[in-house]
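Asks: Given next are the chains, with one letter for each unit.
Number of protein chains: 2
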Amino acid sequence: MPDSISSIDELPLTDLIKGFPPGHAPVRLGEVGRQGWNLLREDLPLPLAVLKSDVIDANSRWMAQFLKASGAIIAPHGKTTMSPQLFRRQLADGAWAITVATVGQLQVCRRYGLKRLLLANQLVGRRAIAHVVSELARDPDFEFYALADSVEGVAMLAAEAERQGLARPINLLLEGGIAGARTGCRDLASALGVARAIKAAAPHLALAGVEGFEGLIHGASDAESERQVGAFLDFLVEIAAACGHEKLFRHGPVILSAGGSTYYDLVAERFAAAGLGETMVVLRSGCYLTQDSTAYRKAFQRIRARSPRAAGLEGGLGNALEVWTYVQSRPEPGRLILTAGKRDLSYDLDLPVPLAWHRPGSAGAPQPIPAGHEVVALNDQHAHVRVPAASPLQVGDMVALGISHPCTTFDKWQVMFLVDGAYNVVGAIRTFF
Amino acid sequence: MPDSISSIDELPLTDLIKGFPPGHAPVRLGEVGRQGWNLLREDLPLPLAVLKSDVIDANSRWMAQFLKASGAIIAPHGKTTMSPQLFRRQLADGAWAITVATVGQLQVCRRYGLKRLLLANQLVGRRAIAHVVSELARDPDFEFYALADSVEGVAMLAAEAERQGLARPINLLLEGGIAGARTGCRDLASALGVARAIKAAAPHLALAGVEGFEGLIHGASDAESERQVGAFLDFLVEIAAACGHEKLFRHGPVILSAGGSTYYDLVAERFAAAGLGETMVVLRSGCYLTQDSTAYRKAFQRIRARSPRAAGLEGGLGNALEVWTYVQSRPEPGRLILTAGKRDLSYDLDLPVPLAWHRPGSAGAPQPIPAGHEVVALNDQHAHVRVPAASPLQVGDMVALGISHPCTTFDKWQVMFLVDGAYNVVGAIRTFF
Chain A
1 MPDSISSIDE
11 LPLTDLIKGF
21 PPGHAPVRLG
31 EVGRQGWNLL
41 REDLPLPLAV
51 LKSDVIDANS
61 RWMAQFLKAS
71 GAIIAPHGKT
81 TMSPQLFRRQ
91 LADGAWAITV
101 ATVGQLQVCR
111 RYGLKRLLLA
121 NQLVGRRAIA
131 HVVSELARDP
141 DFEFYALADS
151 VEGVAMLAAE
161 AERQGLARPI
171 NLLLEGGIAG
181 ARTGCRDLAS
191 ALGVARAIKA
201 AAPHLALAGV
211 EGFEGLIHGA
221 SDAESERQVG
231 AFLDFLVEIA
241 AACGHEKLFR
251 HGPVILSAGG
261 STYYDLVAER
271 FAAAGLGETM
281 VVLRSGCYLT
291 QDSTAYRKAF
301 QRIRARSPRA
311 AGLEGGLGNA
321 LEVWTYVQSR
331 PEPGRLILTA
341 GKRDLSYDLD
351 LPVPLAWHRP
361 GSAGAPQPIP
371 AGHEVVALND
381 QHAHVRVPAA
391 SPLQVGDMVA
401 LGISHPCTTF
411 DKWQVMFLVD
421 GAYNVVGAIR
431 TFF
Chain B
1 MPDSISSIDE
11 LPLTDLIKGF
21 PPGHAPVRLG
31 EVGRQGWNLL
41 REDLPLPLAV
51 LKSDVIDANS
61 RWMAQFLKAS
71 GAIIAPHGKT
81 TMSPQLFRRQ
91 LADGAWAITV
101 ATVGQLQVCR
111 RYGLKRLLLA
121 NQLVGRRAIA
131 HVVSELARDP
141 DFEFYALADS
151 VEGVAMLAAE
161 AERQGLARPI
171 NLLLEGGIAG
181 ARTGCRDLAS
191 ALGVARAIKA
201 AAPHLALAGV
211 EGFEGLIHGA
221 SDAESERQVG
231 AFLDFLVEIA
241 AACGHEKLFR
251 HGPVILSAGG
261 STYYDLVAER
271 FAAAGLGETM
281 VVLRSGCYLT
291 QDSTAYRKAF
301 QRIRARSPRA
311 AGLEGGLGNA
321 LEVWTYVQSR
331 PEPGRLILTA
341 GKRDLSYDLD
351 LPVPLAWHRP
361 GSAGAPQPIP
371 AGHEVVALND
381 QHAHVRVPAA
391 SPLQVGDMVA
401 LGISHPCTTF
411 DKWQVMFLVD
421 GAYNVVGAIR
431 TFF
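In order, the protein sequence lines correspond to chains A and B. The first sequence runs 1 to 433 under the numbering used here. The second sequence runs 1 to 433 under the numbering used here.
Check each hint, because a few of them may be wrong.
Remember, identical chains collapse to one label, so a pair may be satisfied in a single copy or spanning two.
No more than 25 Å apart at the CA atoms, straight line, and that leaves these computed lysine to aspartate or glutamate pairs for DMTMM-like [unchecked claim]: (1) Lys199 to Glu269; (2) Lys115 to Asp139; (3) Lys52 to Asp350; (4) Lys247 to Asp348; (5) Lys199 to Asp380.
In case anyone wonders, no lab produced these hints; they're calculated from the structure.
Hey, can you work out the whole structure from these sequences and the hints?
Replies: Next comes the structure, spelled out in structure tokens:
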């Protein structure tokens, strides 16, 4: 079994994995960048998801600047990419921890040697609870946090810690939520009830902070969304203040955590002004590293528009993720069919957008897609594109699609290739979904 | 590299794979059924996708009866499950071939020893075309069919066959299509143009039949959809008759192929009555083996309602696929949050439906879900369920979800467990997406 991030370079890739050249001998992950492959030369089969290495570098630099300026730290949500190699990159950039959504995701991180993990979810289920407790018992370097929003859930964790005789507490973040939305206590009274249950379950459990997720808030306008986010953050601060007042927290700084990829500027700002004494403000954006071409691109434009701090930084976040396809048919003058579909890219927030095209055999960089080319439907393995009758695209041409929502494209690829500005393959990442 | 379907049993499963118990030692795929695992006893982490073994058996038997009664043969679409073990089952049941959507999928089938494959797509791209031609040259037992709908695409295939000096033809099915829909020639004149180009590219190419996909037809009513399907099937027969008249087909029976999982009864009926001389009617349903709880369940009800032949057969197609989850939070009396989301189940046609629930530690079979429980939203890793205030469900309970559209649930699991009627794990299948 692997036990460190570096061992991932030894994993063999074979043509059982989508995107690997059919018939090619297996290549170790760490050797992919030395094969001399180039996307535009058709060295790889399409559809193919690629990550632009230089854009990822720039996005890393921008987020590091933002964190430094805001005083927050980050535990990037690993569920976005589920790539231990990208986690390694994020930790090297200074990330405090990696966030995960499930114990399966946690286990992938553990297998690749990660020490500090935040499960941004309630820990439930016999097998999952038992595993986390046994990992905490086995490895003194494993630092773990999970969410709690019910007395029933707290009791299940305490019971298993007691059953295994765990010698240190399970750290919990008390989750505040929003009426009609996802998990989290809806009011101060129920939150305090859960916090008191955690305190009462010492030494098996410890309350390490307060957490919420504001990313599902969608008001009637940007301003209304932001007002609701502000009110929710105030609620989380109110919970933390009340827990502090009752001395329900463990010893040490109180963790305040919120922040998906849409409102992290507001989170950093509000929590910095919480006035709760010694706190650690932990953001959890998962999408900043690659961004996208639609939803998170717009979210970042909005962050810059409202946050003077974000607007004042050098550079910015750009799209690093493209899915390349072929034109397989132009059955009508106004319609193209591409070789990529729901199996290959996101379709939960927006349809993909054509970005560029390339005719195999031609020299130079890909051409920007002409106006009027629009993806209008996806099937499992196809994209339907409406095009002007004068579109230059023909059967066999290559088309790059931009996506909306990185999480739901990453999970469709076990391997994604890293490319330089000329689409030379300089490496590859493995994902574990 | 694997080279036969039986070698798949040797693949090691580890806890890097979703659904495998965290911390458990690796288990070979063929040994999964001997671990003594039971879903209801919480031996496995959730979310977990399971296939009911006895329902798959019954579905197999039903389709075998239908094919015998209709005189059609089947090349089940492998893109649905991408599981060589299920392909083995389908071939053992008498399937003529396995259908694939991409050369990556074809390559998975080849690695596991499949001999006869139908690529229900245009074959495009340097790497993909070169690979298929070299496989045809290398292995005389490899029997391959692809679609063609343009003179340009035909020319690319002929050029590569010539370049490699391929000593036998690439078999093509001429694709007929529908205005405004996906691939395929829109009218008889363009279809004949493609067919003549194939004939002219002998000995590199050969026209083996005519193909279409009627599954995207959605009229204003069932009756209108069925009328449009009938008209489209007539168009395909018209193309085949014209090609036959011009003697554009290769020697031997003419293949007529259509049929997703919604209208295969109409396809079998219309093609059987084509009056074209010696033909092979090849259906391609991918979803019959597992069915689902919504879209394909309704499609099958409709098939039985309109087809006396289907209605007269013993048994029927039932749902074999469930995704089990935990209740992780009940933050309001009227709302539950489950530990499964877009990463775990289909959401492209309909939201999942709660089917049953089970309280860990309790005896007996799962309980049917009470009335009024409805999944109202999915996030990446969560399902939001509206419940009556009197719902018995609480944190830690297990809930089974039924899905709509098997293809987009299979692609979210690298391993799916096979269970018997008491949810004992009797085996597992590996998928390759």
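Asks: Now, for every hint given, state plainly whether the structure supports it.
Replies: Hints and how they fare:
In this assembly of identical chains, the alpha carbons of Lys199 and Glu269 never lie at most 25 Å apart, being 29 Å within a copy and 70 Å across copies at closest. In this assembly of identical chains, Lys115 and Asp139 lie within 25 Å of each other by CA distance solely inside one copy; the values are 9 Å within and 50 Å between copies. Only within a single protomer do Lys52 and Asp350 lie at most 25 Å apart by alpha-carbon distance; the minimum there is 21 Å, versus 34 Å between protomers. Taking the closest pair of Cα atoms, Lys247 and Asp348 never come within 25 Å of each other, the shortest separation being 43 Å inside a single copy and 47 Å across copies.
In this assembly of identical chains, the alpha carbons of Lys199 and Asp380 never lie at most 25 Å apart, being 50 Å within a copy and 31 Å across copies at closest.
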